[in-house]
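Chemist: Chains as they are written, first to last, in the numbering used here: chain A, 6 to 748; chain B, 73 to 205.
Check before you lean on any hint, since a few could be wrong.
[Said to hold, decoys possible] Okay, derived cross-link-like pairs now, EDC-like style, lysine to aspartate or glutamate, Cα gap no bigger than 20 angstroms in a straight line: (1) K475/A to E690/A; (2) K489/A to E439/A; (3) K678/A to E663/A; (4) K221/A to E190/A; (5) K94/B to E570/A; (6) K196/A to E251/A; (7) K655/A to D87/B; (8) K676/A to D638/A; (9) K94/B to D567/A; (10) K143/B to D112/B; (11) K381/A to D567/A; (12) K655/A to D136/B; (13) K660/A to D617/A; (14) K348/A to E380/A; (15) K655/A to D112/B.
Hints are computed from structural coordinates only; laboratory data are not their basis.
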Amino acid sequence: MIRSARRIERDRQVRMVFRQMPGAIWTTDRDLILTQVAGRLAGNVGPRARSGMSVCEIVGTTDPTNPIIACHRAALLGESQSFEYQFFNRWYAILIEQLKDAGHGVAGCIGAAFDITEQRATKEKLTRSEALLAQAQRVAHVGSFEWDMASNVLTWSDELHRIYGLEPGQFSGTYEGYLGRVDPEDLERTKGALFDALRKGGPFIDEHRIVRTDGKIRVLHTRGDVTMDEHGRPTRVTGCCWDVTELKEAMANLERARSLLEATIEATADGLLVVDLSGKVSKYNQRFLLLWRISAERASQRDDEALLAYASDQLEDPAAFLSGTHDLYSHPERESFDVLHFKDGRVFERYSTPQRIGEQIVGRVWSFRDVTEREKLLRRALFLADATRLLSSLDVEPALDSVARLSVPFIGDVCAIDLLGNGQPRRLLVVSREGTESLSPELHSSVMAGHSTIYSIGTRSCMAVPLVVKGSVAGAITFIGARKRRYNEHDLEFAETLARRAALSVENARLYREAQEALQARDEFLAIAAHEIRGPITSVHLAVQGLQRGKVPATATPRVLDIIEREDQRLARFVDELLDLGRIQSNQMFFKFEEVNLGEVVRDAANGFGSDLTRSGSSLSITTAGRPVGQWDRFRLEQVVVNLLSNAIKFGEGKPIEVNVHEHEGITTLKVKDQGIGIPPEMIERIFQPFGRGVSVRNYGGLGLGLFIAKTIVEGLGGVVRVESQPKVGSTFTIELSAKRNL
Amino acid sequence: MNSTNAPILIVDDDDDIRELIKVFLEAEGYRVNGATDGLDAWEQVQSGLQPSLILLDLMMPRMDGEQFLKKLRSCHLSEIPVIILSGNISAKEKSSGLKASCFLTKPVEIDELLNAVRRFVHSPIESGLRKRG
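Let's have the full structure, built from the sequences with the hints guiding it.
Modeler: Take a look at the structure:
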């Protein structure tokens with residue numbers, strides 16, 4: 006009983022188990038009529054399944070192709086059926102087999118169904134996540150691996166295959182196969198890193214190059230994990246690999262760009278400062294510190310306001326600088342350009358532009374350029390341009406005055422200009438800045454010797470530069486510097502440039518004056534020539550007409566004929582002189598050399614002056630000594646002697662004229678001495694110039710060519726002409742000729 | 073018109089011109105005095121010479137014709153006729169200011185010169201002929 010009660014209890018429990026099992030178990034007869042059925046599924050299928058119902062009834066169809074029906078039929082025939090099937094949104098694993106009776110005959114089917122919905126969902130999830138992983142690996146170029154050390158099986162993901170340039174599954178799957186693909190250069194290091202990781206266990210990171218099948222070298226970044234067994238022995242290594250070749254290149258490029266930027270910032274001549282939006286210093290170069298005279302120590306404190314104050318203190322207008330700077334910080338998008346003037350005279354150009362990352366403004370870049378020298382050069386160039394314009398005037402003294410006014414206070418507080426006339430310096434002007442009128446520089450001795458010089462008067466720095474015209478000192482410019490200003494080599498050079506231009510102006514004015522004088526002399530010459538020629542022509546004209554018309558009494562006829570002859574000679578002489586002038590000016594004066602006795606030439610010439618001497622009242626004495634003979638041109642020499650004699654008679658005021666010819670050691674000297682009006686010293690040079698004459702044409706006639714022609718002839722014969730003269734005492738003309746041709 | 077026996081004064085620094093004109097005028101019966109420049113002429117006038125006519129060159133040493141004429145015009149002899157005989161054509165333009173009676177340009181025609189002289193002083197020979205006639 007007790008056993009029976011136990012059995013009943015056990016059966017109840019079994020039934021309960023069957024009833025509640027997540028699935029079903031059932032048997033059918035050979036006609037597929039359910040004979041037994043139990044399990045939760047039985048209650049879940051359409052009409053509740055119970056013994057006596059047919060399988061067709063349960064599946065709701067008699068269609069033999071229905072899988073449930075078909076599988077039951079196949080199981081009846083002895084083929085075990087195992088498949089998955091969905092009932093009412095749940096999946097079941099179904100097994101149907103032949104059911105045998107006690108006599109081993111076919112009794113029907115036995116089937117079992119297990120709810121596998123959850124397992125199936127898990128499996129699907131796994132499959133999906135594997136696919137996702139593969140896709141992610143493909144997209145991210147991340148490959149994964151697993152190395153089972155005991156079996157030495159190295160499994161690569163598809164993407165890792167692709168990273169190595171292989172088709173999925175192509176890799177041999179061994180550790181050695183893997184090492185064979187590591188770049189030989191990295192092989193030892195890679196092995197070392199791996200052994201290290203295996204020894205330590207846990208996560209590791211490595212980076213090495215591999216050689217792909219196509220020969221290309223790629224860089225792989227690996228993060229792995231070593232699993233150890235309970236004895237601390239590595240059993241498994243898993244990990245991921247990234248192809249970081251592009252990344253590495255990008256990083257290298259970035260590093261190159263950064264280093265280039267760094268080098269550029271330091272190499273530029275401009276001072277650079279980068280600040281953030283609030284004006285905090287984020288970067289500067291050494292040049293910036295140097296320009297602003299900021300010590301490295303002060304810069305390292307990074308106290309932005311203190312730096313700004315320190316900078317502004319150096320400027321002429323700190324307030325404007327600070328307000329301008331702060332204004333810009335409140336307008337980050339603005340660019341700016343301004344010029345900063347320092348108390349010590351330096352000038353900076355300041356430029357700033359927003360610093361952007363993409364579209365976003367993150368700060369401001371300032372650049373500072375020291376343009377002091379450029380500004381100085383510019384101002385000097387402008388000054389020189391102005392000075393040159395002023396000096397282009399031919400009225401040189403007012404021009405120098407204007408330049409001196411222009412140079413105060415640009416060059417100094419005082420500018421003095423001296424000009425040299427007749428060897429004596431003459432102070433042309435002194436221009437002083439207000440308050441310095443008492444300063445008047447002495448002319449420094451070395452500047453008169455042609456040397457530029459910097460010197461001091463008391464506490465003041467001075468400089469003096471000569472005005473050099475045609476290699477000789479024509480004057481000087483002297484500057485007294487402003488208080489505290491010390492002249493240097495550059496200042497002196499600048500003053501020299503100014504002096505050169507001033508000297509050029511002095512020279513130009515002189516040339517202009519000379520040109521004007523030459524023009525005037527030519528005009529005068531033409532007037533004189535006309536006058537001088539008109540005289541004899543008038544005489545000849547009147548004389549001939551008088552003779553023709555019987556206006557000349559017979560007694561006067563010889564005198565009139567004499568006049569005609571004399572005037573004819575005068576005209577011939579004029580023409581000769583004009584022709585000689587033309588020859589000289591076109592370099593066509595030629596000589597016929599022969600043996601000539603100068604004493605004879607003088608005597609012959611003197612004979613021709615008989616009547617002139619009589620008219621003038623002068624006496625003429627001739628003395629000779631030695632043998633005044635040489636290879637000369639008789640005709641031309643006669644011209645010279647005639648010229649000197651006629652001048653002596655003309656200007657001799659009727660007083661005695663002495664002519665002396667003497668020869669000593671082959672040098673023949675001719676002296677013609679009168680005691681007449683003499684020549685003023687300032688005219689001495691002019692008398693030998695064409696059209697030059699020491700006297701007014703009103704007082705003394707003649708073309709004024711005589712001495713010029715005489716000098717040209719004597720020099721052409723290799724000799725020299727000299728004159729010594731004193732007004733109202735007389736003149737002595739001396740000619741020296743060598744006996745031999747001396748050309 | 074003067075026909076006195078007062079001399080004609082020739083002022084010219086050119087000896088030959090002075091001498092030629094003297095020859096021609098003397099052949100006409102005039103009395104002729106010569107002066108080598110303005111100063112010479114002025115000194116002669118100052119020492120009492122009262123010429124009937126003055127033939128005056130302009131460009132001369134010491135005292136030129138213009139200076140001489142100015143002096144002459146400002147003294148008691150301001151009425152004496154003066155014929156300027158000059159090579160300087162531009163001086164002719166100034167001659168109106170010089171208060172000259174006549175202006176002749178060198179080189180001058182002999183008839184032009186003699187006619188000009190006759191306009192101011194009768195030729196003594198012609199006058200004599202007329203008187204006799």
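Chemist: Given the hint that K143/B pairs with D112/B, test it: the Cα-Cα distance must not exceed 20 angstroms.
Modeler: Holds, because 13 angstroms separates the two Cα atoms, which is no more than 20 angstroms.
Chemist: Measure nothing beyond the straight line between the CA atoms of K655/A and D112/B; if it is 20 angstroms or shorter, mark the hint as holding.
Modeler: holds, 18 angstroms
Chemist: Measure nothing beyond the straight line between the CA atoms of K676/A and D638/A; if it is 20 angstroms or shorter, mark the hint as holding.
Modeler: Status holds; Cα separation ~19 angstroms.
Chemist: Does K489/A pair with E439/A here, judged by a C-alpha cut-off of 20 angstroms?
Modeler: holds, 17 angstroms
Chemist: Quick one, are K94/B and E570/A close enough, alpha carbons at most 20 angstroms?
Modeler: holds, 18 angstroms
Chemist: Are K475/A and E690/A close enough, with their CA atoms no more than 20 angstroms apart?
Modeler: holds, 19 angstroms
Chemist: Check whether the Cα positions of K660/A and D617/A lie no farther apart than 20 angstroms.
Modeler: holds, 13 angstroms
Chemist: Keeping to a limit of 20 angstroms between CA atoms, is the pair of K221/A and E190/A held or broken?
Modeler: holds, 14 angstroms
Chemist: Does D136/B lie within 20 angstroms of K655/A when you go C-alpha to C-alpha?
Modeler: Since the Cα atoms of K655/A and D136/B sit roughly 19 angstroms apart, the hinted pair holds (cutoff 20 angstroms).
Chemist: Starting from K678/A, check that the Cα of E663/A is at most 20 angstroms away, please.
Modeler: holds, 5 angstroms
Chemist: Going straight from one Cα to the other, do K348/A and E380/A come out at no more than 20 angstroms?
Modeler: Cα-Cα ~15 angstroms, so holds.
Chemist: Would you mind confirming whether the straight-line C-alpha gap from K196/A to E251/A stays at or under 20 angstroms?
Modeler: violated, 24 angstroms
In this structure, the earlier hints numbered 6, 11 are contradicted, and the remaining ones agree with it.
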